[in-house]
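Each residue of the sequence shown is one higher than the one before, counting from 576 in our numbering.
Read the hints as simulated data drawn from the structure, not as lab findings. Note that the Cβ used here is the ideal one computed from N, Cα and C, for glycine as well. Heads up, a few of these hints could be off.
As the list claims (entries may be wrong) - Computed Cβ-Cβ distance ranges for the label pairs, DEER-style: (1) 787 - 675: 35 to 41 Å; (2) 633 - 578: 22 to 28 Å; (3) 604 - 691: 32 to 38 Å; (4) 719 - 591: 35 to 41 Å; (5) 651 - 594: 29 to 35 Å; (6) 649 - 592: 24 to 30 Å; (7) 712 - 647: 29 to 35 Å; (8) 592 - 791: 19 to 25 Å; (9) 634 - 658: 15 to 21 Å; (10) 677 - 594: 40 to 46 Å; (11) 608 - 688: 29 to 35 Å; (12) 694 - 634: 29 to 35 Å; (13) 676 - 764: 32 to 38 Å; (14) 787 - 651: 27 to 33 Å.
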Amino acid sequence: MSDVVLRCNGISKAYQDGDRSVRVLEDVHLELVAGEKIAIVGASGSGKSTLLNILGGLDHPDTGQVMLMGQDLAGLSERALCSLRNSRLGFVYQFHHLLPEFDALENVAMPLLIRGAGRKEAWDNAGQMLARVGLQARATHRPGQLSGGERQRVAIARALVGRPDCVLLDEPTGNLDPHSAQQVLALIDELGAERAAFIVVTHDPAIAARMHRTLELEAGRLA
576 MSDVVLRCNG ISKAYQDGDR SVRVLEDVHL ELVAGEKIAI VGASGSGKST LLNILGGLDH
636 PDTGQVMLMG QDLAGLSERA LCSLRNSRLG FVYQFHHLLP EFDALENVAM PLLIRGAGRK
696 EAWDNAGQML ARVGLQARAT HRPGQLSGGE RQRVAIARAL VGRPDCVLLD EPTGNLDPHS
756 AQQVLALIDE LGAERAAFIV VTHDPAIAAR MHRTLELEAG RLA
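Put together the whole structure using the sequences plus the hints.
See the structure below:
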C-alpha cells in the first residue's frame, strides 16, 4: 500500500451542453504505484485531458474519489491542495503555459521558490534540469525568444525540477522534433528508475509502447 502514489475510485464527470448532459467519464478506476509509467490513449474528445485534470486536482469529479500520496483531494482546503500539488505533483500541459516575463531558468525555478527554497538552491536545481532537457544554453531566454519545442522542454523541466512523486503529462512531445522528444522520453525513463510515477496522455503509439501499461479511454471508461 505504501507504494501507491495515485488512486482514483468511481470517477464520473458530465458537462452541460445546453439542455443536454454529456457524460465524459463513467466509473473510472485507476491505481498508480511508485516507478510505474502508464499511457492513456483514446480518440480526441474522449475525456483524456478531463481525467488528467481531475487526477491533478485541477477539476472536480461529479462522483468518486482521488487519492494522492494517501490524501483525499476532496478533503483538502485550496491552500493544502496547492501545497500538495507543488510538493508531490508535476503537470505538463499540452501547451506550455510559461510565464512570459521570466526567462527559462526563472520559469523552471518557480515551483522551488514557491515551495520556499533559497534562491541559490532553486537556481542550481533549475539549471541542472534545463541541462537534462538540453537547454542550458537557453537559460536566459524568455519564452518569446524560444521555439515551440524549446518552450515545451522548459515546461517539462519545470514540472520535473521538484522531483515530484507523480507526473501527469498531456501530449508532452506533441510539439517536439524527434531528437527533443527522445531526450524527454529518456528523462522520463531516468526518473521512473528513481521511483517517480508517470501518467502520459498520448496519441503516439511509440510513446505508449515505452510505458509499463497502456489504458484506453472509450465511452468514458478505462480499459
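Q | Supplied distance hint 22 to 28 Å, evaluated on CB atoms of residue 633 and residue 578 | A | 25 Å, holds
Q: Go ahead and decide if the range 40 to 46 Å is satisfied by the Cβ distance of residue 677 to residue 594.
A: Check passed, 44 Å falls within 40 to 46 Å.
Q: Confirm or reject the claim that residue 719 and residue 591 have a C-beta distance inside 35 to 41 Å.
A: Between residue 719 and residue 591, where Cβ atoms are some 37 Å apart, the hint holds.
Q. How does the Cβ-Cβ distance of residue 676 and residue 764 compare with 32 to 38 Å: does it lie in that range?
A. 33 Å, holds
(Q) Taking 27 to 33 Å as the stated bounds, is the beta-carbon spacing between residue 787 and residue 651 within them? (A) About 29 Å separates the Cβ atoms of residue 787 and residue 651, which means 27 to 33 Å holds.
Q: Could you tell me whether the CB distance from residue 649 to residue 592 stays inside 24 to 30 Å?
A: 25 Å, holds
Q. Between residue 634 and residue 658, is the Cβ distance one that fits in 15 to 21 Å?
A. 18 Å, holds
Q: Can you let me know if the beta-carbon spacing of residue 651 and residue 594 is within 29 to 35 Å?
A: Cβ of residue 651 to Cβ of residue 594: about 34 Å, so the range 29 to 35 Å holds.
Q.
Given a hint of 29 to 35 Å, does the C-beta separation of residue 608 and residue 688 actually sit inside it?
A. Holds, at about 30 Å.
Q. Can the suggested window of 29 to 35 Å be confirmed for the beta-carbon pair residue 712 and residue 647?
A. Cβ of residue 712 to Cβ of residue 647: about 44 Å, so the range 29 to 35 Å is violated.
Q) Cβ-Cβ distance between residue 694 and residue 634: within 29 to 35 Å? A) 33 Å, holds
Q.
Just to be sure I understand the hint, the distance between the Cβ atoms of residue 787 and residue 675 should be within 35 to 41 Å; is that true here?
A. Hint holds: Cβ distance 36 Å, inside 35 to 41 Å.
The earlier numbered hint that this structure contradicts is number 7, and it is the only one.
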